[in-house]
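S.K.: Join the two chains into one complex using the hints; note that each chain is given alone, in its own frame.
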Amino acid sequence: MSTSKVLKRLWFVFSSLLSPFPQGFDPPHQSDTRTVYVANRFPEHGHYIPQRFADNRIISSKYTIWNFVPKNLFEQFRRIANFYFLIIFLVQLMIDTPTSPVTSGLPLLFVITVTAIKQGYEDWLRHKADNEVNGAPVFVVRSGSLVQTRSKNIRVGDIVRVAKDETFPADLVLLSSDRADGTCHITTASLDGETNLKTHFSVPETSVCQSVSQLEALQAVVECQQPEADLYRFVGRVTVTQHGEEIVRPLGPENLLLRGARLKNTKEIFGVAVYTGMESKMALNYKCKSQKRSAVEKSMNTFLIIYLVILLSEAVLSTILKYAWQSEDEWNEPFYNQKTEQERNSSPILQFISDFLAFLVLYNFIIPISLYVTVEMQKFLGSFFIGWDLDLYHEESNQKAQVNTSDLNEELGQVEYLFTDKTGTLTENEMQFRECSINGIKYREMNGKLVPEGMTGDSPGGSSPQLVIHTNSCCTKLMSEELLFLKAVSLCHTVQISYNQSESWLGGDPFSHTNSFSFSHMEYYAASPDEKALVEATRRIGVAFTGCSGDTMEINTFGKTEKYKLLHVLEFDPNRRRMSVILETPSGGKMLFTKGAESAVLPFTTTGEIEKTRLHVDEFALKGLRTLVVACRHFSPKEYIDVDKRLMSARTALQRREEKLQQAFAHIENHLHLLGATGVEDKLQDKVPETIEVLRRAGIKIWVLTGDKHETAVSVSLSCGHFHRTMNILELLQQRSDNECAEQLRRLARRIKEDHVIQHGLVVDGASLSLALREHEKLFMEVCKNCSAVLCCRMAPLQKAKVVRLLKTSPEKPITLAVGDGANDVSMIQEAHVGIGIMGKEGRQAVRNSDYAIARFKFLAKLLLVHGHFYYIRIATLVQYFFYKNVCFITPQFLYQFFCLFSQQTLYDSVYLTLYNICFTSLPILVYSLFEQLVHPDILQAKPSLYRDISKNSLLSFRTFLYWTMLGFTHAFVFFFGSYLLMGEDTSLMSNGQMFGNWTFGTLVFTVMVITVTLKLALETQFWTWMNHFVTWGSIAFYFIFSLFYGGIIWPFLHTQDMYFVFVQLLSCGSAWFAIVIIVITCLFPEVMKKVLYRHLCPTSTQKSQVTTSSQILCPEPRASWAKLGRRFEIR
Amino acid sequence: MKQSNRIKAMVKEEQEESSNRPDNTAFTQQRLPAWQPILSASIVIPMFVLIGAAFIGVGVALFITSRDIQLQELDYTGDDSEHPCFKCRTNTEKCTCSMTFSIPTLFKGPVFFYYGLTNYFQNQRKYGASKDDNQLYGDLNYFTSPSTDCDPYTRDSKNMPIVPCGALANSMFNDTFTLSHTVNGVQKIVPLDGKGIAWWTDYNIKYRNPSITPLINAFNGTKKPTNWPKPIYELDTTDVYNNGFINQDFLVWMRRAALPDFRKLYRRITHDDYAAGLPAGNYTLTIAYNYPVHSFNGKKKVVLSNVSWMGGKNDFLGIAYIVVGSMCVVMSIVMLIVYARFKFGEDD
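In order, the protein sequences belong to chains A and B.
Here full-length UniProt numbering is used: the first residue of the first sequence is 1, the next is one more, and so on.
Here full-length UniProt numbering is used: the first residue of the second sequence is 1, the next is one more, and so on.
Careful: at least some of the hints might be erroneous.
[Claimed, not checked] Listed next, with one range per pair, are the computed distances between beta-carbon atoms: (1) B:102 to A:1048: 40 to 48 Å; (2) A:102 to B:288: 38 to 46 Å; (3) B:19 to A:376: 25 to 33 Å; (4) A:1048 to B:23: 42 to 50 Å; (5) B:23 to A:230: 36 to 44 Å; (6) B:23 to A:126: 24 to 32 Å; (7) A:376 to B:68: 52 to 60 Å; (8) B:23 to A:655: 55 to 63 Å.
[To be verified] Not everything, but these chain B residues come out facing chain A in the computed CB check (under 7 Å): (9) 121; (10) 133; (11) 152; (12) 258; (13) 295; (14) 317.
No lab work stands behind these hints, which were simulated from the structure alone.
Virtual Cβ for every residue (Gly too), placed ideally from N, Cα, C.
Bound-form chain B, shown alone (with noise of 0.2 Å):
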C-alpha cells in the first residue's frame, strides 16, 4: 500500500513540475552520517587510566629533569646591614661591591647568567607601549619627529628629540657584573659571553641600525635617554654587531617581562675553560651597582642556571603531571566502583 503510495507520488511528481516535495538527501532530512560517541565509564575508565598513567610517567621523567638543574641565586639588593652592598643601596655615585660564594660540585655548562628584579612591573601599560618601533628599526624620519607614545621620555628639557625615546629604553638596567673564581688563591675571571642572549629574531629583524656609518652620525641632532649615562651608540663600542639598537643587553631589556618579579638573561659561560661548567670552588661577583630599586622596595639578585631541553629549573610541571596523573587514576578507580555499582541498574 504504502509502496504503491510511493510510486504514484513520484508519477504524480513527474507530471507536475510545481511539486513542493522536499529534497529527499541526508542533508536536508538531517540524517547526515554522524560519529555519536557517548562519554560512558566503560570508555572513560580505560581512557583515564591509560592517561593517567601517562601523565604520571611524563611527570616524572619532567620533575627529574628539572631536580637535575643547578642553581645559584644571590641577592645583592644589600637591604641587610651586613651585606657587602649595603653601602651601594642609597648611593648615587658608582659604587662597585662584591659578594662571594662557593660552589661544591661541578656546575654543569652551558651555564647561564640572569639578573632579577623584583616588585618591578615592566608590564605597566603605558611603561610597556612608551617606546617607538620605528625608531628603533632604524627609520632616521622617527628619531627627529619620534611617537607621543613616548611621553614623557620624547624630548629632553631642551626640546631635543630623545633617541630611542620612552620609559622602557630610559629605564635600561645598568648594573655590570664580573664573576672571577678564585683558583689557588688567584682571582680568575671567568669570561661571560653577551652574544646569543636575545631573540635571534629581535637581533636580526625586528631591531636594527640605521645604514649610516659611523653610527654616530645618524644620531646628530637627537639626545640620549636622560637616565643614561652614555648614548645608544657607545653601547658596546668594542663591536659594532653589539652596539646601537641591536645591542643584546637593550634587546633584553626591551622585551618586558610578563609578571612583576623577573629574571634576564645577562651572560652566557660559554668560554673553553668553562665550557663544562663552573668547577668546585669559591667564586667572587662583582656588581657596578647603579641601578635603584630601593624606593619600591625591590629586590636585585644575580641567578646562575644551567638549564635542560625544557628550560630552567622548574619543578611545576613535573609536580602537575604527576598530580594530574594520579588524580586520573583516582577518579578511575571512583568511576569503576560507581560503575560496578550502578551498571546492572541501567541494565534492566
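For reference, chain A alone in the conformation it holds in the complex (with noise of 0.2 Å):
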C-alpha cells in the first residue's frame, strides 16, 4: 500500500472519529472513486456493493442538547488553567484543607458558566442557521414524478430540480437543464464571492432527459472521487447505458454544480447528487479556522508558568518551615491544641504531602482564574469596535471591517513586517486598457481608436502601417495583423455576457436580438479584471464580443457578425499563467489563441516580432502597466485531430487527470505565432503612499509581494511611495546558479555599507529567492534587514508564503503581517502572525482565510496605529494587572502562615477568597480593557512614530512584568505590615476598650486591598469614561454594602458564622479608618511619585503627546489647575 493511501485510510478513520456522524466507510469501499447510480437504480445483477454516503444535513453545529454538558465540560478543561483549578478543587474535596471546596469551586463554576454560555449561544445560533438550511423545500424526483421534500432528506444518487435563483441543495452533477444546450449559468458568490456568471455544461447524453419521464427512463452511473475541499477540483465520468451501449463522458467541474451556489438565468435544472451534507464542498471548507496565537498569549502563558513556580515554591517553603517548627514539641503539640489520635498515627510522609497540598490550596488564588474569561470577553466585545468604525467602512463597496477571528486583536498592534500583494491591494484592481503592441509596433487607446506612436488620431495617413479606425468607416486599412490580434483579444477569454433587458432572450437563440441590440446593455462579466478590460477596449474599437451561446462565440467586427465554434478552452491556471481558446474560424480553419504573461508565452513563440515585442511589454511594463502577450497558431485538419484526441484523452483520465492535462496543454500551447502585447493599467487605491508613509513612519517594514513583472512592480512600487526616488535600489534578479547568487547577494551587502545612502531598497524576484532561500538564508536575510523596502516579483502564491516564514522564523522573531486580496495570497494570510483580506474583486477566498477583512489598504493605517494600539495597551495592561491583583491577593496570606505556626489559617474568610477575583475586582479592568485610550485616535494617526512606543511586545517585557509582580509583592507587604503595625501590641483598637479577633484583622487587609487594587487601576486609566467612573466607585462602594449585608445576618446555611459583624465592628472604629486611609495612600504615593517623575524626565513619545491631546483638548489653560484639583483628588 502506498504511503498516500495509509495517509489517507488514516484521515478517514480520523475524520470518521471527529465528525459527529461516523459516515461508516466501511473498509472494502475504501476506494478513491465513489459510484453513484442515478435516481438511486441500482444494477438488479452483478456484483454491486452498496455505498454508504453521509445524509445531506448540514452540520456546522458543535453540540447537541444531549452532548453539550459533557463535551463542553471537556473542551474546557482541556485548557491547563481550568484543569489547574479542577485539580485544587479536587483536593479540596479530598483532604482537609483551610478552605471549603467551594472557594475554588464556585469562580471555577462561574468561569465554566460563561464561558459555557458564551459557546451554548454560539451553538444555538448555529443550530437554528442549521435547521433552516435543513428544512428548506426541494424538489426530487421519486418513482416517477416530482416529489417535495426536506432538504436534509435528499440521498446521494438522488434527481433535484433547482429553479431559477434557488441555491443547490447539495453538489450536483448536471443532468439537464431547460435549454437545448444543456448549459446553465451560476454565481458562486457566497462560496467564493465571485459574482460574475459561470457557464456549467452538461454532457449530452443527459441534457436531452429534460423532463422527470425523460429522466425516470435514464439508465447512467457517475463516478467521481471521494470528497475533497477544493471547490476548483471535480474529477469524474458518467456513462450513460443508451440502447444497450455503454457511452462513457469525463466529468470535470464545470459540470458540478457546488451545494451554496445560484442558478442564475436558467428556468430550472436537473441533477444528479453526487456529494451531500457533510461531504459536500462547501461543508468541507467549513473548517481550516486558522489556529493562530498571539505574542500576548504566549506570554501569558510563560507568566502563568512563573506564577505556578512562585506558587509551588511558596508552598514548599511553608511545608518546609511548617516542619521546622514542629520539630520542637512545644509548637507542634501545645497543650491547647492537641491532635487527634488519627493525625499522631499517620505517616509523617503522608502528613507532608497532604501540607504541602493543604498550603497549594490555601495559595492557589495567586494563579488568577478568571484571567482566561476576562481576556476571552475582552477580545470578544473588543473586536465588535473594529466592525463598527466607521472610519473602516467603505462607502462605495457598502462594507465595513470584519473580524473573523477575535483572538489577534492586540497583534495588530504588535506588526513589524508587513506583506502585501500588489494588485488588488496597492491597487484598485479597476484596469483601463492604455496600450498595446501589435507586430512590433505600439499603438495607444485614444477616444476609441488605436493610435500607433507618434501619432495623435487626428492625423491619418503616412507612409507607416497604422491603425486608424472609426467605428463606422470601413476597414480597408486595417492590416490582417491588427485585425487577428484584436480577433484574438475579443475571443481568448473566459468574459460572460449579460444583458439588461436580459429576461427577453432567456430559453431562446441569444444571436437573433444581436442586430437590434446596441452594444451598450451588454455588460462583460468576468473572473479576471484584465480580460473584462481587454474585451471592453476591443467593443470600443470596433471588434466587439457580442455573445456565447453552447460551443459558438459570436464577436462583431465593425457591425459585420462572424461566428466562430469554440472547440476547447484551455483554462488559466497560475502555474502556466497564460489560457488558449482553440476555434474553429468561419472559414473552416481550427486556430488556437493563446494569451498570458509574457514569460509564459514568449518562450513558446517562433514566428512575429518576437524581441521588439519583448521590448514593448518592458516598455509597458516601466510605465507601470500590467502587460499580456497573445500569440496564435493555425492548426491543419490532421493537426487537430492529433490535438482534439490529446485533450479528451486526458479530460476523460481518472487517474491524474491534472498531471496529464499539463502535459496535453504544454504540446498544443507551441510553436505559436506572436501577435502582440496588451499594456492595462491598474490605478493606486485611494491614499496608498500616504498610508505606507504612515506605517513605515511607525516602525513598519515593508515588503510587497507579487507576481507582476519586474519592470511593472518597480514602477507600481515607485508611484505607490514604497520606492522612493532617492533610495538606492539593489537588485537581486534573474540568478541562475547557487554561486552566482551568492556572489551578487555578498557585493549586494558590501554595497550596502559601502554606499553612504540612509535608505536601501531591494528588488528580488522569484526565481532568484528560491536560490537565496536555498542555500544563501542568512546572507540573504542580512542583506534584507538592512533594507528599508523589500520588493519581490514573480512570485508563485506558495513562495510568498516561504518568504513569511523565512521572517517570521528569523532570530528576533519579529511579527507579521500579510494582506491581500486574491486565492493567491491566502497561503501568505495563513502563514503570517496576522492575516487581512481586502474585499477586493478577485473573490473572497482571501477575506474567508484572513483574520481580518478589510475593505481598503488605506484603512490598514487606523486598524493598526488606532485599534492596534488600543487593543495591545488594553490587554497587556489587562494581563499586567491581573497578575497583580492576585499577588497583592494571595502574599498577606503566605506572610500570615508566618505568624500562626503555619497552619495554613485563612486570613481572609472563605467568601471573600471567593468573590475577590469574580466581584470585588472583575469589572473594573474588564471596562478599562474595552474603553481604554491613551492616546487619542486622531493622534495616533498623525502621529505614527507613537507606535513604536509599544512594539516588541514591550508593555509585556520581562522587566514590566517584574515590576508589576515586584509592586504586588511591596504592596501586600504594606497591606499585612500595616495592619500588623496597627494591632502593635495588640492594643484595643475600639474606644470601648474591646478587642478585635483574627476576622478583623483579615478583614482590614482585605479592605485596604480592595480598594488599593481598584484604585492602582483607577491610576493607570487614561480614559474615564462614565462606565469607568461607575464601575470603580461601584467596585468598592459593592464591597462595602456586601460586606455589610454578608456580616449582617446570621447566615443559616453557614457552617460558622465567624464573619457575623466583623466588618460593622471594623468600620465602626475611627482607628481603622486612619488606618485604612494612611495604608492605601502609602501603596500609591510612590506610584504616583513615579509617574510624575518619569514623565517629567524622561517622558515616553506616548505622554508626549498625551500632554497635547489635553491641553487641546480639556484643558485651554493648564494653570486652572488648581480648580480641578478637587476633582482630581479623587482618583486617589
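M.R.: Structure, rendered in C-alpha cells:
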C-alpha cells in the first residue's frame, strides 16, 4: 500500500472519529472513487456493493442537547488553567484543607458557566442556521414524479430539480437544463465571492432528458473521486447506457454544481446529487479555522508558569518551615491544641504531602482564575469596535471591516513586517486598457481609436503602417495582423455577458437579438479584471464580443458578425499563467489563440516580431502597466485531430488527470505565432502612498510581494511610495546558479556598507529568491534587514508564504502581517501572524481565510495605529494587572502563616476568597480593557511613531512583568505589615476598649487591598468614561455594601458564623478608617511619584502626545489646574 | 465634495435597507466623552503639599491623643526567681500570688483591665475551627452529637459528648484577678465590672443559651470540657445573664486573637469610686494563678489602660501619618525642582 493510501486511510479513520456522524466507510469501499447510480437505480444483477454516504444534513454545530454538557466540559478542561483549578478543587474535596471546596469551586463554576453560555449561545445560533438550511424545501424526482421534500432528505443519487435563483442543496452533477444545449449559469458568490456568471455544462447524452419522464428512463452511473475540499477540482466520469450501449463521458468542475451556489438565467435544471451534507465541498471548507496565537497569549502563558513556580515554592517553603517549627515539641502539640489519635498515627510522609497540598490550596488564588475568561470576554466584546468603526467603512462598496477571529486583536499593535500583495491590494484592480503592441508597433488607445506611436488620432495617413479605425468607417486600411490581434483579444477569454433586458432572450437564441441590440446594453462579467478590460477595449475599438451560446462565439467586427465555433478552452491556471482557446473560424480553419504573461508565452513563440514586442512589453511594464502577450497558431486538419485526441484522453482520465492535462497543454501551446502584447493600467488605490508612509514611520517594514513583472512591480512601487527616488535600489534578479546568487548577495551586502545612502531598497524575483533561500538564507536575511523596502516580484503563491515564514522564524521572531485580496495570497495570509484580507474584486477567498478583512488598503493605517494600539495597551495592562492583583491578594495570606505556626489559617473569610476575583475586582479591569485610550485616536494616526512605543511586546516585557509582580508583593507587604503594626502589641482599637479578633484583622487587610487594587487601576486609567467611573466607584461601594450585608445576618446554611458583624465593628472604629487611608495612600503615593517623575524626566512620546491632547481638548488653560484639584483628588 | 458624497451616501442608505454602514454613535466610534486626567507635576505638587500638610496635622493630633493614654503593664509570669509568682509557675495546685505597684498620678477613667498572653497561637487553623457554632447558638441537637471539627475534644474518655466542645473552649483562660487599692494602709478592693467586655452582637445574638430553665437541665448527658474545673452553666452562678454560653469571659476568649501576642479585655473599672479613674497610690494585684504558659515559653501579663476615641495606646498611626505626610512634602519639593528644571524642556 502506498504512503498516500495509508495517509488517506488514516485520514478517514480520523475524520470519522471527529465528525459527529461517523460516515462509516466500510473497509471494502475505501476506494479512491465513489460510484453513484443516478436516481438510485442499482443494477439488478452483477457485482453491486452498496456504498454508504452521508445524508444531506449540514451540521455546523458542535454540540447537541445531550452531549453539550460533557463535551463542553471536556473541551474547557483541556485548558491548562481550568484543569489546574479542577485539580485544586478535587484536592479540596479529598483532603482536609484550609478552605472549603466552594472557595475554588464557585469561581471555577462561574468561569466555566460564562464560557459555556457563550459557546452554547454561538452553537444555538449555528443550530438555528442548520435547521433552516436542512429544512428548506427541495424538489426531488422519485418514482417517476416530482416530490417536494426537505433538504436533509436528499440522498446521494437523487435527481434534484433546482429552479431559477435557487441555491443548490447538494453538490450536483448537471444532467440537463431547460436549454437545449444543457448549459446553465450560476454564481458562486456565497462560496468564493465571485459574482460573475459561470457557465456549467451537462454531457449531451443526459442533457436531452429535460422532463421527469425522460429522466425516469435514464440509465446512468457517475463515478467520481471521494469528497475533497478544493472547490475547483472535480474529476469523474459518467457512463450512460443508451440502447444497451455504454457511453462514457468525462466530468470536470464545469459539470459540477456546488452546494451554496445559485442558479442564474436558467429556468430550471436537473442534477444528480454526488456529494451530500457534510461531504459537500462547501461543508468541507467549513473547517480550516486558523489556530493562531498572539504574542500576548504566549507571554501570558509564560507568566502563568512563573506564577506556578512561585506558588509551588511558596507551598514548599511553608511546608518545610512548618516542619522545622514543629520539630520542637511545644509547637507541635501545645497543650491547648492537641492532635487526634488519627493525626498522631498517620505516616509522616502522607502528612507532609497533605500539608503541601493544603498550602497549595491556600495559595492557589495566586494563579488568576478569571484571567482567561476576562481575556476572552475582552477580545470577544472588544472586537466589535473594529466592525463598528465608520472610518473602516467603505462607502462605495458598502462594506465594513470584518473580524474573523478576535484572538489576534492585540497583535495588530505589534506588527513589524508588513507583506502586501500589489494587485487589488495596493491598486484598485480596476483595469483600463492603455496601450498595445501589434506586430512590433506600439499603439495607444485614444477616444475609442488605436493610434500608432508618434501619431495623433486626427492625422491619418503617412507611410507607416497604422490603424486608425472609426467605428463606422470602412476597414480597408486595417492590416490583417491588427485585425487578427483584435479578434484574438476578443475571442480568447472566458468572459460572460449579461444583457440588461436579459429576460427577453432567456431560453431563446441570443443571437437573434444581437443585431437590434446596441452594445451598451451588454455588460461583461469576468473572473479576471484584465480580461474584462481587454474585451471592453476591443469593443470600443470595433471588434465586439457579442455573445456565446453553447459552443459558438460571436464577434462583431465593424458591424460584421462572425461566428466562431469554440472547440476547446485550455483554462488559465496560475502555474502555466496563460490560457488558450481553440476555435473553428467561419472559414473552417482550426485556430489556437493564447494569451498570458510574457514569460509564459514568449518562450513558445517561433514567429512574429518577438524582439520588438519584448522591448515594448518592458516599456509597458516600466510605465506600471500590466502586460499580456497574445499569440496564435493555425492547425492543419491532421494536427487538430491529434490535438483533439490528446485533450479528450487527458480530460477523461480518472487518474492523474491534472498532470496529463498539463502535458497536453504544453504540447498544444507551442510553435506559436506572436501577435502582440497589451498594456493595461491598474489604478493605485486611494491614499496608498500616504498609508505606506505612515506605516513606515510607525516602524513597520514593508515588503511588496507580487506575481507581476519586475519592471511593473518597480514602477508601481515607486508610484505608491514604497520605493523612493532617493533610495539606493539593489537588485537580485535572474540569478541562475547558486554561486552567482551568493556572489551577488555578497556584493549587495558590501554595497550597503559602502554606499552612504540612508535608505536601501531591494528587488528580488521569484527564481532568484528560491536560489537565495535554498543555500544562503542568512546572507539574504542580512541584506534584507538593512533594506527599508523590499520588493519581491514574479512570486508564486507558495513562495509568498515561504518569505513570510522566513521572516517569522528569523532569530528576532518579528510579528508579521500579510495583506492580500486574491486566492494567491491565501497561503501568505495564513502563514503570517496576522492575515488581512482586502475585500476586492478577486473573490472572497482571501477574506474567508483572513483574520481581519477590510475594504481598502488605506484602512490599514487606522486598523494598526489606532485599533492595534488600543487593543495592545488594553490587553497588556489587563494581563499585568491580573497578576498584580492576585499577588496582592495571596501574599498577605502567605505572610500570615509566619504568625500562625504555618497552620494554614486563612487570613480572609472563604466568601471573600471566592468573590475577590469574580466580584470585587473583575469589572473595573474589564471596562478598562474595553474602553481605555492612552492617546486620542487622531493623534495616534497623526503621529505614527507612537506605534514604536509599544512595539516588541514592550508592555509585557519581562521587566514590566517583574515591575508589576514586585509591585504586587510590595503592596501586599504594606497591607499586611501596615495592619500588623496597627495592631501593635494588640492594643484595643475600639473606643469601648474591646478587642478585635483574627477575622477583623483579615477583613482590614482585605478592605485595604480591595481599595488599593481598584485605585491602582484608576491611576492607570487615562480615559474615564462614565462606565469607568461607575464600575470603579461601584466596585468599592459594592464591596462595602456586600460586606455589611454579609456580616449583618446569621446565615443559616453556613457552617460557621465567623464573619458576623466583623465588618461593622471594623468600620465603627475610627482608627481603622485612619489606617485604611494611610495604608492606601502609602501604597499609591510612590506610584504617583514614579509616574510624575518619569513623565518629567524621561517622557515617552506617548506621554508627550497626551499632553498635547489634553491641552488641546481638555484644559485650554493649564494653570486652571488648581480648580480641578478637588476632582483629581478623587482618583487617588 | 465630501458633503455631496455624504448626501449621496445618505440617499443611498435610504434606498438600500441592507446597508452595512455602522452606527455613528459615540459608543461605537469609541468617542464617548471622557475625562482624561494627566498626572503631571503641576497637579501633583500642590496635591502632595496639601495631602502632606493634612497628614502631618492628623498625625500630630493622633500622636498627641495616643501619648495621653496611660498604660500600666504588669508581667506576672514569674520566670524570675525573685518574682512573687515564681512559686506558682510550675505548680499545678491552686496557687495565689500578689504583686504590688504604684500609680504616680491619677489614672484617668474609665480604666480597662486586660490580661495578655504571648507566644500563644490562638490563630492556628485547627484550633480555631475546633468549635461548634450550633452548640454555641444553643441548639440542643448538637449537644449530644457535637461536630467532628471539635476532635479530639468532642467526647471525653467515656465517650460522653462535651459541651462546649473543641480546643478553643477547652483552653479557656482561667486565671482570676483582684485589684486592691491601699488607702491609708488598708486594702480596699477595687470593684471590677465584667459587663460590656464582649462584643454586643456576640453577647446578644451570636451566642445563646438553650431556652431551658434551669440551665443545668439542658446539659444532661453532656460533660464539661476536660480542662475546666466547672461546667459552663456554673461559670457565673450569680448572674443568669452572664452564665452559660453568654458568659462574657467565655465570649472574650472565643473571639480568637489574630496574632500570637495578644491581649484580652478582662474587666472594666467603672465603680462610682473609681469612675474618674484610679487615684494615685499603691495597688496590689492578687492573681489566682492557674493557666500554664511555661511549656511554650509564654508570658502572662496584666495591662491597665484607658482609651481614647481611637482605642488604646497606639503610636503607630500618628507616626505613620507624620512620616507619610513629611514624605509627601519632601517629594513635592523634589518634584518642584525637577519640574522647574525640566518644564522648559518640555515646552520646546
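S.K.: So, for every hint listed, does it hold in this structure?
M.R.: Here's how the hints hold up against the structure:
{"no.": "1", "hint": "B:102 to A:1048: 40 to 48 Å", "verdict": "46 Å, holds"}
{"no.": "2", "hint": "A:102 to B:288: 38 to 46 Å", "verdict": "45 Å, holds"}
{"no.": "3", "hint": "B:19 to A:376: 25 to 33 Å", "verdict": "31 Å, holds"}
{"no.": "4", "hint": "A:1048 to B:23: 42 to 50 Å", "verdict": "45 Å, holds"}
{"no.": "5", "hint": "B:23 to A:230: 36 to 44 Å", "verdict": "40 Å, holds"}
{"no.": "6", "hint": "B:23 to A:126: 24 to 32 Å", "verdict": "26 Å, holds"}
{"no.": "7", "hint": "A:376 to B:68: 52 to 60 Å", "verdict": "57 Å, holds"}
{"no.": "8", "hint": "B:23 to A:655: 55 to 63 Å", "verdict": "56 Å, holds"}
{"no.": "9", "hint": "121", "verdict": "5 Å, holds"}
{"no.": "10", "hint": "133", "verdict": "5 Å, holds"}
{"no.": "11", "hint": "152", "verdict": "4 Å, holds"}
{"no.": "12", "hint": "258", "verdict": "4 Å, holds"}
{"no.": "13", "hint": "295", "verdict": "6 Å, holds"}
{"no.": "14", "hint": "317", "verdict": "5 Å, holds"}
Against the hints set out earlier in the document, no violation occurs for any number.
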